[in-house]
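Residue numbers (our numbering), protein chains in the order written: chain A, 3 to 285; chain B, 3 to 285.
Hints are not guaranteed to be accurate.
Which copy is meant is left open, so a pair is good if it fits within one copy or across any two.
[As the list claims (entries may be wrong)] Below, a list of computed lysine-lysine pairs in the DSS-like style, where the Cα atoms sit at most 27 Å apart: (1) Lys58 / Lys181; (2) Lys285 / Lys97; (3) Lys285 / Lys263; (4) Lys58 / Lys285; (5) Lys58 / Lys170; (6) Lys170 / Lys181; (7) Lys118 / Lys285; (8) Lys118 / Lys238; (9) Lys169 / Lys23; (10) Lys238 / Lys149; (11) Lys175 / Lys118; (12) Lys97 / Lys23; (13) Lys58 / Lys175; (14) Lys97 / Lys169; (15) Lys23 / Lys149.
For the record, the hints were derived by calculation from the structure and aren't laboratory data. All values derive from a computational prediction rather than experimental measurement.
Protein chains: 2
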Amino acid sequence: MSLHFNEFYNGATGLTVGIGKQLFREQTPFQLVEVFETDTWGNLMTIDGMVMLSEKDEFVYHEMMAHVPLLTHPNPKTVLIIGGGDGGTAREVLKHPGVEQVDMVEIDEAVVRASKLYMPEVGDFENPKLNVIYENGLTFVDGPENKYDVIIIDGSDPVGPAVDLFKKDFYEKCHHCLKTDGVLVSQTESPFVESYHDSIRSVQNAISDLFPIAKLFLTYIPLYPTGMWSMSIASKKRDPLSDEVTSDINNRLSSFADTLKYYNQDVHSGCFALPGFVRQILK
Amino acid sequence: MSLHFNEFYNGATGLTVGIGKQLFREQTPFQLVEVFETDTWGNLMTIDGMVMLSEKDEFVYHEMMAHVPLLTHPNPKTVLIIGGGDGGTAREVLKHPGVEQVDMVEIDEAVVRASKLYMPEVGDFENPKLNVIYENGLTFVDGPENKYDVIIIDGSDPVGPAVDLFKKDFYEKCHHCLKTDGVLVSQTESPFVESYHDSIRSVQNAISDLFPIAKLFLTYIPLYPTGMWSMSIASKKRDPLSDEVTSDINNRLSSFADTLKYYNQDVHSGCFALPGFVRQILK
Chain A
3 MSLHFNEFYN GATGLTVGIG KQLFREQTPF QLVEVFETDT WGNLMTIDGM VMLSEKDEFV
63 YHEMMAHVPL LTHPNPKTVL IIGGGDGGTA REVLKHPGVE QVDMVEIDEA VVRASKLYMP
123 EVGDFENPKL NVIYENGLTF VDGPENKYDV IIIDGSDPVG PAVDLFKKDF YEKCHHCLKT
183 DGVLVSQTES PFVESYHDSI RSVQNAISDL FPIAKLFLTY IPLYPTGMWS MSIASKKRDP
243 LSDEVTSDIN NRLSSFADTL KYYNQDVHSG CFALPGFVRQ ILK
Chain B
3 MSLHFNEFYN GATGLTVGIG KQLFREQTPF QLVEVFETDT WGNLMTIDGM VMLSEKDEFV
63 YHEMMAHVPL LTHPNPKTVL IIGGGDGGTA REVLKHPGVE QVDMVEIDEA VVRASKLYMP
123 EVGDFENPKL NVIYENGLTF VDGPENKYDV IIIDGSDPVG PAVDLFKKDF YEKCHHCLKT
183 DGVLVSQTES PFVESYHDSI RSVQNAISDL FPIAKLFLTY IPLYPTGMWS MSIASKKRDP
243 LSDEVTSDIN NRLSSFADTL KYYNQDVHSG CFALPGFVRQ ILK
């Protein structure tokens, strides 16, 4: 392919993806949303020049963002997703038979529209349990109190509209929205990129102050900078690594285990193993 | 930077690294060895256009290639490294106080020369326990029998001179070279790249036939394709995940734990957690 999408993340180092036709391009009030054809990843969505997802690798991010927190909670029924407009996180959440309501608060309807048009397998937008709300997640969390079992903060990188999703004020409000055994997860960038260390620490410090249990976990994402991505989890009651959580995973996955391509019981436990240099960031 | 080194691994997808001066370029009888300056990774060595290591990220690969097998063995004294000419794997092996002799069999002296010149912190070539032998690893293993505690196959990708390092014949010879409680490890490419699945399966099938214990483990490497790399481990006696291994790790690392930036006890256990799609490759 003669055209390449380049995303640089560490000085002049980056990802290069051969692209075909540009399928979608819209400068919204919030950001530049684009979708491109690729040769090997299906369609690729970018926001402000940063990869959000491809059809072929999105399973990793969405499975990890949904199942690590949902399995940590004993019986999640109401789930709030902040961002996540492509629909992939909601699709994974909705696989849990006990989930009754998913509120997805996306600031930018163009993301949902682009996903429906050019990534039709990613979202499960027709599901009657899914409630899509076009609103700023930062103000949405001012409202509900003691309402949600799980909150998933599926925002983009800490530039543009998502920057406040990495600040303590926001996590205080999320804490209020969660029930007494609530669990929260947030994507927190790559530990291999030094310029993101402050964002990781900011979220980890915020949730450590607010919740009795706060941890970082890691996942491989081939089209994200460095291929290593971190997610932060906070829980009011259950530790994601406790026996009561891990011993029940296979049982709770049984109705949809065959749909999973990444997450499983081993991955749930293994993803919390942090290399030395990642531990250093958190000190 | 205006110059970029590009390595494509999945169709038109790849890594792009901004480079400065070319410090080394030699077409040897075996391959093209190059070293470039970069802005954020220190110096970068490539072979036949594929990234081998940078000064800033080499710690991950070398710690994982050395410490996972050495900690699996109860008391490694003699270690054989096939390839590994940059010296990083030997450096990590030599941190173990019980190691008495490391034979490093590198086919291409230019790799050692380039590393000594332009990556002087990577190798520990002055160490009197290190024995560098310039020979083809494939023929070297015809000789010794029942000699080594650990064999580390630190070859390049399965194209060019390293292609036979992924075949069963070679692993049969390695099995003969190993003592009765011997442990072997080999780098086996990225599971995210479909064209490497045959190489992963080839090594896994070979070691599963030859050794009672054979497993795959994973590590993050930011400058390798997709950021996810697999390594295969085979053991004649001890399982790397057994309690006798994992319970002794902290004790055995104690004299050099402060030099490690990636490997630790949690990582040792966690790296064997395989995502669903990786399990599928092995079926």
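Here's how the hints hold up against the structure:
Proximity of lysine 58 and lysine 181 under a CA criterion of 27 Å is satisfied in neither setting, with 35 Å inside one chain copy and 44 Å between copies. For the homomeric pair lysine 285 and lysine 97, the shortest alpha-carbon distance between copies (26 Å) is at most 27 Å, but the shortest distance inside one copy (36 Å) is not. Taking the shortest alpha-carbon separations for lysine 285 and lysine 263, only the inter-copy value of 14 Å comes in at or below 27 Å, while the best intra-copy value is 33 Å. For the identical chains of this complex, lysine 58 and lysine 285 are inter-copy neighbours only, at 21 Å across copies versus 35 Å inside a copy, given an alpha-carbon limit of 27 Å.
For a Cα distance limit of 27 Å, the shortest separation of lysine 58 from lysine 170 qualifies neither inside one copy, at 34 Å, nor across copies, at 32 Å. In this assembly of identical chains, lysine 170 and lysine 181 lie within 27 Å of each other by CA distance solely inside one copy; the values are 19 Å within and 56 Å between copies. Within a single copy, lysine 118 and lysine 285 get their C-alpha atoms no closer than 42 Å, and across copies no closer than 34 Å, so neither meets the 27 Å cut-off. Taking CA atoms no more than 27 Å apart as the test, lysine 118 paired with lysine 238 passes in neither setting, with 35 Å inside one copy and 53 Å between copies.
In this assembly of identical chains, lysine 169 and lysine 23 lie within 27 Å of each other by CA distance neither inside one copy nor across copies; the values are 37 Å within and 41 Å between. Taking identical chains as interchangeable, the C-alpha atoms of lysine 238 and lysine 149 lie at most 27 Å apart only when both belong to the same chain, with a minimum of 14 Å there against 55 Å between chains. Taking the closest pair of Cα atoms, lysine 175 and lysine 118 never come within 27 Å of each other, the shortest separation being 30 Å inside a single copy and 55 Å across copies. Taking identical chains as interchangeable, the C-alpha atoms of lysine 97 and lysine 23 are never at most 27 Å apart, the minima being 33 Å within one chain and 52 Å between chains.
Neither within a single protomer nor between protomers do lysine 58 and lysine 175 lie at most 27 Å apart by alpha-carbon distance, with minima of 34 Å and 39 Å respectively. Taking identical chains as interchangeable, the C-alpha atoms of lysine 97 and lysine 169 are never at most 27 Å apart, the minima being 30 Å within one chain and 42 Å between chains. For the homomeric pair lysine 23 and lysine 149, neither the shortest alpha-carbon distance inside one copy (44 Å) nor that between copies (58 Å) is at most 27 Å.
Going down the numbered hints, you'll see the structure goes against 1, 5, 7, 8, 9, 11, 12, 13, 14 and 15, while the others check out.
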